[in-house]
Every structure is written in C-alpha cells, then in structure tokens.
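S.K.: Protein chains in written order, with the numbering used here: chain A, 1 to 458; chain B, 1 to 458; chain C, 1 to 458.
Since the hints were made in silico from the structure, they are not lab data. Some clues are possibly wrong.
As the list claims (entries may be wrong) - Distance ranges between label pairs, derived from CB positions:
1. A:Pro13 / B:Asp219: 48 to 58 Å
2. B:Asp427 / C:Ala354: 36 to 46 Å
3. A:Ala443 / B:Ser383: 52 to 62 Å
4. C:Pro13 / B:Thr130: 41 to 51 Å
5. C:Thr425 / B:Asp427: 19 to 29 Å
6. A:Ala128 / B:Pro90: 57 to 67 Å
7. C:Glu405 / A:Thr434: 12 to 22 Å
Predicted model only: the values in this text are computed from it and were never measured. Where is the CB? At the ideal position from N, CA and C, for every residue including glycine.
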Amino acid sequence: MSSSNAYDVTTWPHGDPVDDIGAVINDIVADVRARQSRDDLTDGGRPGAVIRIPPGDYRLRTQVVIDVSFLRIEGAGHGFTSSSIRFNVPSTEVPDLHELWPGGSRILHDLPVAHGAAEGEGAAFRVARTGSPRISSVEFVDFCIDGLHFTGEGPDGNPENSYRNGRTGILVDDANDSFRVIGMGLVYLEHGLTIRRADALSVHGNFIAECGNAIELRDWGQASKVTDNLVGAGPWGHSIYAERHGGLLVTANNVFPRGASSVHLDGVTRSSVTSNRLHTFYPGAVRLTGGSSENLVGANHILRDHEPWAPFQGVHNDLDDLQGLLLIEGNDNTVSGNHFSEIVDTREVRPAGAVPVIIRVAGGSGNHIANNHVVAKDVRSSSSDDCFEAQVGALLGTPEEGRLEVVTVLVDADAVANTVLDSGTDDEVVLDRTRNAFRATPAVPTPGPGQSTRRAEK
Amino acid sequence: MSSSNAYDVTTWPHGDPVDDIGAVINDIVADVRARQSRDDLTDGGRPGAVIRIPPGDYRLRTQVVIDVSFLRIEGAGHGFTSSSIRFNVPSTEVPDLHELWPGGSRILHDLPVAHGAAEGEGAAFRVARTGSPRISSVEFVDFCIDGLHFTGEGPDGNPENSYRNGRTGILVDDANDSFRVIGMGLVYLEHGLTIRRADALSVHGNFIAECGNAIELRDWGQASKVTDNLVGAGPWGHSIYAERHGGLLVTANNVFPRGASSVHLDGVTRSSVTSNRLHTFYPGAVRLTGGSSENLVGANHILRDHEPWAPFQGVHNDLDDLQGLLLIEGNDNTVSGNHFSEIVDTREVRPAGAVPVIIRVAGGSGNHIANNHVVAKDVRSSSSDDCFEAQVGALLGTPEEGRLEVVTVLVDADAVANTVLDSGTDDEVVLDRTRNAFRATPAVPTPGPGQSTRRAEK
Amino acid sequence: MSSSNAYDVTTWPHGDPVDDIGAVINDIVADVRARQSRDDLTDGGRPGAVIRIPPGDYRLRTQVVIDVSFLRIEGAGHGFTSSSIRFNVPSTEVPDLHELWPGGSRILHDLPVAHGAAEGEGAAFRVARTGSPRISSVEFVDFCIDGLHFTGEGPDGNPENSYRNGRTGILVDDANDSFRVIGMGLVYLEHGLTIRRADALSVHGNFIAECGNAIELRDWGQASKVTDNLVGAGPWGHSIYAERHGGLLVTANNVFPRGASSVHLDGVTRSSVTSNRLHTFYPGAVRLTGGSSENLVGANHILRDHEPWAPFQGVHNDLDDLQGLLLIEGNDNTVSGNHFSEIVDTREVRPAGAVPVIIRVAGGSGNHIANNHVVAKDVRSSSSDDCFEAQVGALLGTPEEGRLEVVTVLVDADAVANTVLDSGTDDEVVLDRTRNAFRATPAVPTPGPGQSTRRAEK
C-alpha cells in the first residue's frame, strides 16, 4: 500500500517483478482501483497513480491490462541497443560483445505467443475500457519493452531477421483521450505501439526501432501528434501509420529504414506531415491513400537509397518505382517545400528499365504540388556486413554517381484539376496539361555564347 | 527538512496538502529561502529545490507565491480529462460515468475568486520577484491544475460552458529568464498560463484545453519557444497569444478549437509560426496585429470549419469572414507554404452573401505571401450532442460538399508594396496590381479539344 | 548498494558529492559495472542504472568516465541563470543581486584545466568505450553543468567575457548509439556538448548558452536529431555544428546570438534544418561547407542584426558581408520557404561600401533556392549596458530604419547548374543566367496611372 499513490514495482509486497512484472503491475492497478473512492459530485476525483520501474530486467509473463484513467507507468531508461546487430554477429564474436541485450528499465516481453497471434493476445500492455468517458491520461514514459526474439522466417533464413513474433509493446484497444507515450524504447516487437481511436494523443521522444511496425494509429481519431521520435520499422511494416484520422500532426520525426513506408496515411484528412526527415530503402516512403484529403506534406527531407546491409539485400516492399516515392490517392492535398533524394542503382529499378517516379498522383483532384526539389542519382549499390558503417557510408555518398532520369511528378490520366508548380522541369513532369495546371521549374540553360550575367558580380 | 533539497508535499511536516497544498508549498518555499545561505563570491550558489507532488487530489486554498530561482515543482501525471463533456452529460447519465474529474497530480484550484477577478488574485501559482537578476529557472512539470467549475454565463445558459471563473493556473508577473512549463495539464481555468516579460522561456509538451485562454505571453519578451503543445481555448479567448515579443518560436503545436484565435501575435517581430496544425471554428485563426513585422508563418495546416457541438452552436468570435482566416496588419511578414482549408456553410457566412477571405493584408507593406494552397468547401453544417464524435465526423469529411468561392488573398487598398505569389488564381486574389507585386497560381484549364500531354505517360 | 539500480549521489556511502561529485559518480559506475552479471545468452541483460542528482551544489574535481551502456544521470533542475550578466555588473551592485550563480542540480566544473586544454582532459563527463557493440543508451537529463569562470582574454579585457576556460560539459569520445541529452543546462563552458560518431542521438530540450561552443557533432554520424533547444554560443564558436553526418534533423531550435554561426554543417549530407529560429550578429548564420550536399534548409526564420551590448561591440566573427548570411559550398541542396531579416548599419558593413549578400552559393551545382523572402533594413546600431533590454529593444525594432540594398542571392561564377526561383527580384539576384536557372520574384511596380485592380475590392 502506498500512501501517496506512487508505487514502485520493486517494493510492492506481492509478486516478484523480476519473474513477472505483468502480474505485479496488475496487482498494483487493482490496488489503485480498489482504494480510490468513487468521485464525489462536488469535486473530489480519482487521481490515479504512478508506477515506477527502476532500471533492471523484468520478465513479463502476464499481460498488463489497464482500465483506469490517470495512470502513469514510468521507467528510468529507454534502454535501446541494437539487437539486430547482435543477432547477426558470428557466434565466435559473441563472447567479445560488451552486452547482448537492451537495458534500461527493461521489460522482457515473454508472453507465450507466436507470430500471427491476435494483437490483443500478444500485447505486453493492453489498455481496454469501454463506456463513458473515454479512458484518459494514461502515460507510458521512459522504459523499454524488448520483444527478445523474432521467430518468423527471415529473408536470409535467420528468424531473428523476420520482424515477426506476434508481440506488441503497447496496445490501446478502446477510444481514449489525452494519452502520452513519451521517451520509450521499443525493440524487437512485431508491433511497437498500436492505438485505436485516439483523441489528443502525444507520441513524443520515443525510440521505436527494430520493430515490425512502429507506430500505428488505428480505426479513427483526431487532434493527435506524433513528434520528435526516432523510428524504424521492418521491411514489411509501417513506421508511422494512421487511418481515418483528422487533425493529426506528424512533425520533427527522424524516420529511418527499413519500413515499407515512412509515413502512411489512409483515409486521413486535414492533417500535417512537416519538418520530418524520412529515409527509406523502397518506393512509397510517404503514402496518402484511401481518399486522404486536405493534408499538408511540407518541409520534409525524403530520401530513398538502397539497403546496404547484406542480410536484407534483395528484400523489397514490392512496390515498383512507378508508384512514386510519395503517392497520393485523394483530393486537395498540399505537397510543398520538400526535398527528395532518389539515390538508386538503375539496374535495380522495378520494372526493369522504368523511369522512377518521385511524386505520383494516382487519383484525385485539387492536389497542389509546389516548390519541391528532386535530386536523383544513379549509384552502384554496395553491400556490407556492418550495418552501421554501411549506412553511414551510403549517407555520406558513394563515389560512382551519375544523374538519374526520373519523372518528378506523374499525374495519372484520370486525376484531373490538380496543380503542379515548380516541382520539375518541362521534361520531368508528366500530366495532362489540358486538365491540370502546370508550371515547370525553369531548366538550367544549355551553355551558349553571347549571354551575360545581368548584374556585375562582386 | 530535507537534506537533499528534494521535497514531497505529502511528507512535509507542516500543513495538510490534501486540504491546502498552497499553504504547504509556501511553507516549503520559505524553508528553501531560509536554509540556503547567501551565495558566496567564489562560486557557491543557492541551488533551489524540487517540490514533488505525487498523484492525488490536492485542494489549493492559498495562492502559492514563488520568489526564488531554481525551483522545480513536479508532479507525476498531467491528469487531463474533459470536464466539458462531463458538465454537459444529462444528470441521469452521471452515475454511469467512470470518472467525473481530472486526475493525475491534481491541484483543485479553490481560491475564492469570481470571474472578473484580477489575475494576480486568481492565480493558483504566482511568480513575483523584482530586482536583479531576473528570477530564473523556475520549472512547472507534469501536474494538473483544475479550475473545477466555470461560473460565468454560458452561451446555452450553462455556467460550466462560460469559460469564466476568474481563475488562472500559473501567472508569472515579473521579468524572468529560462523558465520551463513542461508536460502540464491545465483545465477549466479562465487563464491557463500567463507569463509577462519572458526571456528564453520554454512552454513544451503541455495539454492546455477547456480554458478561457491557454497561453498568453504578455508585456514583452524575447527568444522564447512554445512547442509541441496540445492547446484549445474558449470562444472568446486566446489559444496562443504573444504581445511585443521578438524571436519567439511557435512550432509543432496542435491547436484545436474553440479559441477566438489559434495564434495571435500583437506587436510581435522577427518571430516564427511554423509546422503547426491550427484548427478553428471562426475567422481570424492566425492574427498578426499591432504592427507585427518580419514574422514567418510557414508550413502550417490551418483549418476552419463549423462548431459541430450543440451547446456552442451559434457562438462566434464576432469577426466577419472578410477579416481573413489569417490577418496581417504589419510589415515585411512572410506567409509561405501553408495549407488552408475553409470548410463553411455559405448560409452562415458573415456578412450574409460575402465571399470569405482567407489571407487578408489589412495594412502594411513588404509582406510576402507565397506558395499557399487554399481549399474551400461549402458544407451543410451539422449538430451533435456528442462533442468527440461530432468533431471526428466533421474532420473526416461531411458528405454534402461543394466548392466554395473565396478570395484567397485580399490586400487592402492602403496596403502597398506587398508581394503575392502562387497563392490563388487570377480570379481569387484581390489587390491593386499597380502597387503590389502579383503572380497568379495558374488556373486549372477548362477542358478543350486538341491539346495533349507533353510526354507519354508510363 | 542499491537494490533497485537507482542511485542517489547524496546517499551513496562513499565519498562526498558536495566536495567531489565526480569521484562519487565514478564509484557508483564501478558498482554498476561490478554487480551486474554478464549477460546470459538466453535473454538476461545488464540493465544499467539511474544516478540521481537532487538540487544542490556539487563540485566536480574528478572527471567522470562512463564506459557502461544504459546509464541515466538525472537531475531535477537545469539551473540556468545568466553568469554573463553577473560578471558584467559593477561590483557595487553585486551585493544587491538576488543570486550570483546558476543553480538547480548544479555541478561546479572545477577540473584544473586552462583554456587550450585537450577536450579529453577538460570534460566534466567523458564517455569512452571502444569495442562492439557501440556504447548505447547513456542519458543526461535535467541537470546543470557550470564552468564557473571564463579565463581567457575577453574582447573588453574581462576574462569572464572570453568564452574560454578549457572546460567541456559532456564529451562522448567513441562511437555511440541511442544517446539522449535532454533538459540540461550548460553554462560557462568552452564546449558545452561534444559528441563524436553519433548514431540515433537525441539532443532535445536543453538550454545551452553562454558557452564558447554549444553543440558539436564531430567526426561522423547518422540519423540523429537536435530538436527544441535554446542555444547560444560565443562569438568565436559554434551554436550547432555537425561534420560528416548523414540524416541529421535540426528542427524547432531557438538559436540566439552570439555564435560565429547558428547552424554549421561541414561535409554533411541528406540532412534537414527546418522550422528553426536562428538569430546572429554576424554573417554566416547558416553554413553548408565542405561539400555538404542534398540538405534541406526550409521554413526557418534567420535574422541578423547588430550586437547591442556594450562589452561585445566591435567583436566580429571576421566573415565579411559578401560571404552571405547563408553560405553554400556543396551540391544539390534545397533552400526553401525561409524568411531572412538583415538589419544592419551600413556604416559597419564589411568591406566598407559592399552590398551585403544574403544567400551565397560559393561553389557547387544542383542547388535549388526557391521561395525565400529577404527583408533588409539600414539601422543606426545602438549600444546598451543592459544586455536583455538592449536585445528586446533591438528585436522589437529600432526607429531609424531605411531599406538596405542587398544581393539576395549570389551564385559564384564557377558554381553552375543551380536554380534560383522567387528569391529576389531581377535586380537583387546575381548569377550567370547562361549557366543557372533563374526566375525573379516579380518586383513591386512603380506606381503609374491607368491601371486598376483586377477585381473589385470588398
């Protein structure tokens, strides 16, 4: 019993948090629920609690179920370290490794599930409460959920590279308000964070990587924000995904590979994807599908290059290069002020010989695509056994580069009344000019004699 | 007495924090002040303290007055839940509600004030210290201040919908440096956060909603930031307001209705409003008034639609639709790369029959308005008794929509030497072209025979 | 010994943290290292620890050396107050000051070093571990490192204004992953934060000011972010500097003077500088050097004006006004949607009589400079003994202003195949139009008779 509504899993008198922190937290939640009296009509509420998880290893054998508002679960260390690297080190090198596992306030997600399990079964933390009002102010802060192992079929035969194990870090199943997920480290989970029906949610400052999917906002929701996260999903999964949301703000995120998409909005309206840095190994980095409309994609840096790490070479999200690095199927969106870098080996373009498309309006009208800059280079892709050095090397530039021919904007024949301005030269943009508005980026002139600068240079 | 400068309101030997946390914190502050010796000239300082507020309900009957630097007041839960919804539920449904009040580390603001009280009287926390240096490094972190009830006249006769009760959450009255307000939950206050004369202030990660005004930066100040907040004020109040500030950065905020404005800068210079998502029910979402100059409004998503929730229908901020969704009265501002959605019922436009204005330059010169995209739709506004579902429904799109005629940019006759580029077609922009620079967004061509795409489509 | 991996420097049984917190923390780190068993192959890790520093003064006489992953060092107050102001107050006023020193959880950096010392010697906290995997998840949170005094030669003869003392706050010397530096206050250090070979680093929410250099990302790195910081370096140092990084995201920072640069990227590729507010007293606010390529500089507010504070007047970063307020030496960068304010006294322009340059492409091709707005004013610079009031006054505008002639974009003769759109009128942009693409911002027309507005004004 705590007299201050502040609990510590290591001092709670029942259960052993090292053996099963899930059972301990459920027991604490029951205590919270039992000892807090009913709200009175005057003004006395039910203020919830904080459950603290000091640094350490805590196995979770029982799913935590949260059905009370105003609960904060807080650790003291996000604990991310790359398990992917560790699982791809030759066994002879393992004894030399400083550490083998993530750390911090670390929860070892050990529910007996397999990949393919329902998310409701495979979630370490599951929030579920129906009725009114919606469950509010649950906060997950500064701890680590480690899915331990991937157990599916890896692209190279290594199950640890499959990004599948049926495990979810946090699943919010019912409509919710004013939740926060801040500072967490989620690693080696098939789904990191899945939240259904969110209102005024904050997902901020997390490190969610080496997960099949990272952040999924499901069903519908509004007025939420996904800000300032480091995110990277698996090649078949979502880094940041939202469906049927309105008023979502996705900003200041650094999304790295190898998600099938970096930001995917499906049926999302009046939302904003700005000032992010988005890096992918495949087409389809940003996808506005399912009639996503009136969204702003602005001031982002969007890079596509090739997977440099040997175990994942040959893996692909199966979108071809005509799909666009940014795909729009919807109306009235704005794509403005973005930088695109398309750095690919022409020998690997799909379908072979195609001219890759950067921004594709596959359907819809009223979209406004203006003031985007596309850089496209042809490189010879390389391979390395060291993931980090390969990536740094690739980012800093590979030597054998030439210009790559691309279509900077493709507006499909049945997508009309769109506007494309200053997003590619006359030769780089493909659209029906009788049915869409267009102004080309002026082309760099071919040098010729007789012209001079307008004004004397200093 | 604490040997470590770390205090907990629940273990402090004097007073009862449940009955009056204000008296307890004042007593702790007196202890901080008394036991810290004077700084020595060599290097020994007066390091302040942290006062912790565990989750729970704490009534505040005495105003906290802070006059020492280096004080952090920290809770363990922002505790927001919608009081607005609860106060509009039929009484027969109240017994079925899971909870009636906000929670977390919750301060029940119970000073005996009425709406109309001076802010200095009505503030739960008041920071006041003159002299040199300015008071520094006071931090408010992760707790809830609940104003409990609104007591004015609500638009529907319900005082709880009036957004008025004379209560302020935090008031900083004197010049200050390096303050932080982070992770707070402020609810049902007439003024959430009011800070005068701020330098290098951070207002970050807060949830400030269902307050008459949310964030007000008063008098003057510089080099501050308001970032990553969820904010929503009342229909007569400010969501984010600053006066006579220089170098303010407002970014990554999700501002939802129903403030009279989303971001209002008055006499503000050389400041930045970028990458926000701003949603309002009225004209005047963004206002640069009082000679606000050299500011940047860029990469924002700005939406205006109609109030869908029955109790507030008919409420308005009394600006007509000719004022602009973004209003400029000042010089040399930049408005660039924004998306505007104007989703209104033409029957409700003010004055009746007017063509709504999106960006209005009502005065000033040198303003640069470029590369903005305006979407305008005529809808049939609807009404619902369920605020959340109404809002989600509206955001995700109402079915009966048509295009709405708007003036995307209006430059008043006496505002000259402004530049408007790519922010509306020839027909959508109104300005004196002999005195301002203008380039129209190319209009979507009217389909005709004989033209073909420039380049074969793939 | 702690049973929960949570340590408090004030209760650790060995050493005296008030006299030497460095020795105490090293002793705790040794305990962490010793008592954590080797990881097992199954799944048991080495979860590290949290070391808490309550508010108070703690002298550091011994350098802290960190060689374990998963260590969080956490205070309860960033403690910034201006030492610069205090060191420039007349001695007769010192007795009237409320406080003389920074506070919070304050570490008095008292290593016996002088300016010119190697960073490895002068660092209060040094992280050093080679081998595999890279050291991970070390976190510095919410405390203050105070370098106490500057000891070099100040511009006015006052050593306290020299920004030099050989002291570094935090130095990470070896390749690292998933580090966090959050909420810190760093003051009066020659180098605030220096991190070599960072991967997925987060530098967020810090106050790093009155330091020679603030944030330096050295050697190389990738996929990191510097977000939401308040930063200001000395006139010879860096505010935010990165070298050979890929995929860096610099956003939502408020960088104030007086750094030699605000953001300097050297050999950096595919990175993003967006939605920042950058204020400098000199040319060269933003510098992309060393072949920095494919970077995005977008939606920033970039201001240059004059030093208003007497002790630093006459100090300069020695770049002349032809270098540009933003300088590019590299390829394929995007500069888009930025606001520039150049507010200078023409009598102080270097070289005398020159026309200042705002954006300069000194070398490289493929750069895309579009949709930028430049405001330039000629002012009479002023001087004040009160730094804060001088700055606020300057920001809010000095009365004697006229328009200043500037070159908004200068593309050097040997920089070809660049594109400049809507970033200056025909008269304001200097480039070889036979070798670069150019479209002028339409000039405001000279008033003449006979033209009328296109559409009736409302």
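S.K.: Against which earlier hints does the structure fall short, listed by number upward?
M.R.: 6 and 7
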